[in-house]
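Student: The listed protein sequences correspond, in order, to chains A and B.
Read in order, the letters of the first sequence correspond to residues 171 to 607 in this note's numbering.
Read in order, the letters of the second sequence correspond to residues 4 to 145 in this note's numbering.
No wet-lab data here; the hints were simulated from the structure.
Note that the structure is predicted; figures quoted are calculated from it, not measured.
Mixed in with the good hints there might be a few duds.
As the list claims (entries may be wrong) - Straight-line alpha carbon distances no greater than 25 Å define the calculated PhoX-like cross-link-like pairs of lysine-lysine that follow:
1. A:Lys-299 <-> A:Lys-179
2. A:Lys-180 <-> A:Lys-193
3. B:Lys-64 <-> B:Lys-15
4. B:Lys-15 <-> A:Lys-536
5. A:Lys-229 <-> A:Lys-195
6. A:Lys-299 <-> A:Lys-279
7. B:Lys-15 <-> A:Lys-569
8. B:Lys-96 <-> B:Lys-79
9. A:Lys-598 <-> B:Lys-15
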Amino acid sequence: MKKETFWDKKIETADRKILDSLKLKQLKRLVGYALRTVFYKSRLKAVGISSPRDIRSLKDLARIPFTTKDDLRECYPNGLLSVPMSRVVRIHTSSGTTGIPTVIHHTQKDLNSWTDLVARSISATGAGKQDIFQNMMTYGMFTGGLGLHYGAERVGMTVIPMGGGNTRRQIQIMRDFGTTVLHITPSYMLHLYSMLSECGATLKDFKLKKAYLGAEPYSEDTRSKIEKMWQIDAYNSYGLSEMNGPGVAFECVYKTGMHVWEDVYHVEIVDPKTGELLDDGLEGELVFTNLLREATPLLRYRTRDMAAILKGSCPCGRTHRRLSRITGRTDDMLIINGVNVYPSQIESVVMKMPEVGNNYQICLEKDGALDSLTVKIEISSRMFQGDLGLIDRLKERIKESLRASIVINPRVELHEPGSLPVFEGKAKRVVDNRIKI
Amino acid sequence: MAKQLNIFVDNKPGRLNAVTEALAQKGINIFIFTIQDRGDFGLIKLIVDKPEDADEILRNKGFASALKDVVLVSVKDKPGNLHRLAMALQEKKINLTDARGTVLSPSNVGLCCLEVDDIKVAEKALTKAGFELLAVNDICHC
Chain A
171 MKKETFWDKK IETADRKILD SLKLKQLKRL VGYALRTVFY KSRLKAVGIS SPRDIRSLKD
231 LARIPFTTKD DLRECYPNGL LSVPMSRVVR IHTSSGTTGI PTVIHHTQKD LNSWTDLVAR
291 SISATGAGKQ DIFQNMMTYG MFTGGLGLHY GAERVGMTVI PMGGGNTRRQ IQIMRDFGTT
351 VLHITPSYML HLYSMLSECG ATLKDFKLKK AYLGAEPYSE DTRSKIEKMW QIDAYNSYGL
411 SEMNGPGVAF ECVYKTGMHV WEDVYHVEIV DPKTGELLDD GLEGELVFTN LLREATPLLR
471 YRTRDMAAIL KGSCPCGRTH RRLSRITGRT DDMLIINGVN VYPSQIESVV MKMPEVGNNY
531 QICLEKDGAL DSLTVKIEIS SRMFQGDLGL IDRLKERIKE SLRASIVINP RVELHEPGSL
591 PVFEGKAKRV VDNRIKI
Chain B
4 MAKQLNIFVD NKPGRLNAVT EALAQKGINI FIFTIQDRGD FGLIKLIVDK PEDADEILRN
64 KGFASALKDV VLVSVKDKPG NLHRLAMALQ EKKINLTDAR GTVLSPSNVG LCCLEVDDIK
124 VAEKALTKAG FELLAVNDIC HC
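Given only the sequences and the hints, what does the whole structure look like? Please build it.
Tutor: Okay, here's the thing in structure tokens:
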């Protein structure tokens, strides 16, 4: 028997009827918040909803049109804010498709419910206040760092807020403080292992028991590989900044799919082409509504992530349905070392430079376990001045602007006009040579 | 003052071949060439008999080519002469961004091609020190 731990057993094991009546109450409240925004006011009115009283059952949600990433962009920066700014205690953004990020405002209550769900997720894996938690996800605007941080504190774990990178120091801290739980991307977990001998460390030096793996897609094989090499349990984690961040869905000790915390997240799987609702077991696009949102209400948000709701129940006793691994995207978003990047973000930086010609290429490779991004750019023959100093500065300028826009450090290669592949019709600018993990 | 051709090329086999083929077809004569390796790309630098024509030929073929002013100077092949040239530049605090030189005819004459920020100041300093400045066509008569 596995050891069961619950954060909020009553809610986590509540039967469907109780969950549904709770959700209906929350949905009415949420619609009330949404109606305070210009964006939703007109949108909801168009489908005959002008007051929370117009929501009579959860089925009424299906009348409401989807909200997309483009909607969020058009509302930038404060168009979806439903409370006075004085009630907002934090802002998070994530990468938009064009350089305009998507913004999520949080009230104290928003943060509180987020933190509670992360605490619930951590507890489901059997971790608790006896654990030393080293958080290797990036802090800052990226929700992975702060999300797990506060949840782990709420559980009472000893939190080491390392953030990403600096492998040698990560290994030293893991050893010196006897870290038992990590939050990390799967590729960084593999990289960390490959660095052990170089850092003079062996598995015996660690007290590691668990790792929470998220922020990038990976396979069941990679999970097994990581579990075997580190001799630990690895748990899958899912979240997105539009729905707070991590803690939307998380695996319990049985590791058979991620429980979606359905009292807070209304989940739908839809056909990405038609928007039609799909039954459990079928793969489609994930659509979420965070029922507890105050500051940034989002109704039926299209995540562009592909997955399925798993059929059947989990031996842990939780009634909240489980989500499969994310199998892909409905758009061209790239995930590079856990960071979301749209090719269009790179394009808008590159094409702003007059010295740049007509063609560029985005190349992704594996450098060990980690991803490396190279942007190959043709220079414009018209703008070439013959000066090496100018070329070096151009390269630096492109690198700097890319870093500012996509938050990761790319390699920039300059190439002569006409040297990169030319396409008839739709250009294929992304060359992804990474092996799927 | 002389004009040098700087051509931006990918750092891969065959690029010098492509450039020289384009110039050979039009009968351009190359006096000096160097190649700078900068990782992903390289810079081919040429001193040719008809720099403006050569530049146009290359641009029409789609190359990223540009003309740059350089100092061509004749130096007698005698011990200590490069040092004399260097002293003349140092006195005026002239920084070389790139340079190349060779003896054209042993114990007789050598040739230096200098890239500097301020061509006029460099030429004045070298003339004052007794060096003879050349134009590209003078190379034929050296």
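Student: Each of the hints needs a verdict: does it hold here or not?
Tutor: We went through each hint and held it up to the structure:
1. A:Lys-299 <-> A:Lys-179: Distance ~18 Å between A:Lys-299 and A:Lys-179 Cα, so the pair holds.
2. A:Lys-180 <-> A:Lys-193: Holds. A:Lys-180 to A:Lys-193 sits at ~15 Å (cutoff 25 Å).
3. B:Lys-64 <-> B:Lys-15: Status holds; Cα separation ~18 Å.
4. B:Lys-15 <-> A:Lys-536: holds, 23 Å
5. A:Lys-229 <-> A:Lys-195: Holds, at about 13 Å.
6. A:Lys-299 <-> A:Lys-279: Given pair A:Lys-299, A:Lys-279 holds - Cα atoms ~24 Å apart, limit 25 Å.
7. B:Lys-15 <-> A:Lys-569: holds, 23 Å
8. B:Lys-96 <-> B:Lys-79: holds, 23 Å
9. A:Lys-598 <-> B:Lys-15: Answer holds: A:Lys-598 to B:Lys-15 is near 23 Å, not above 25 Å.
No hint from the list above goes unmet by this structure.
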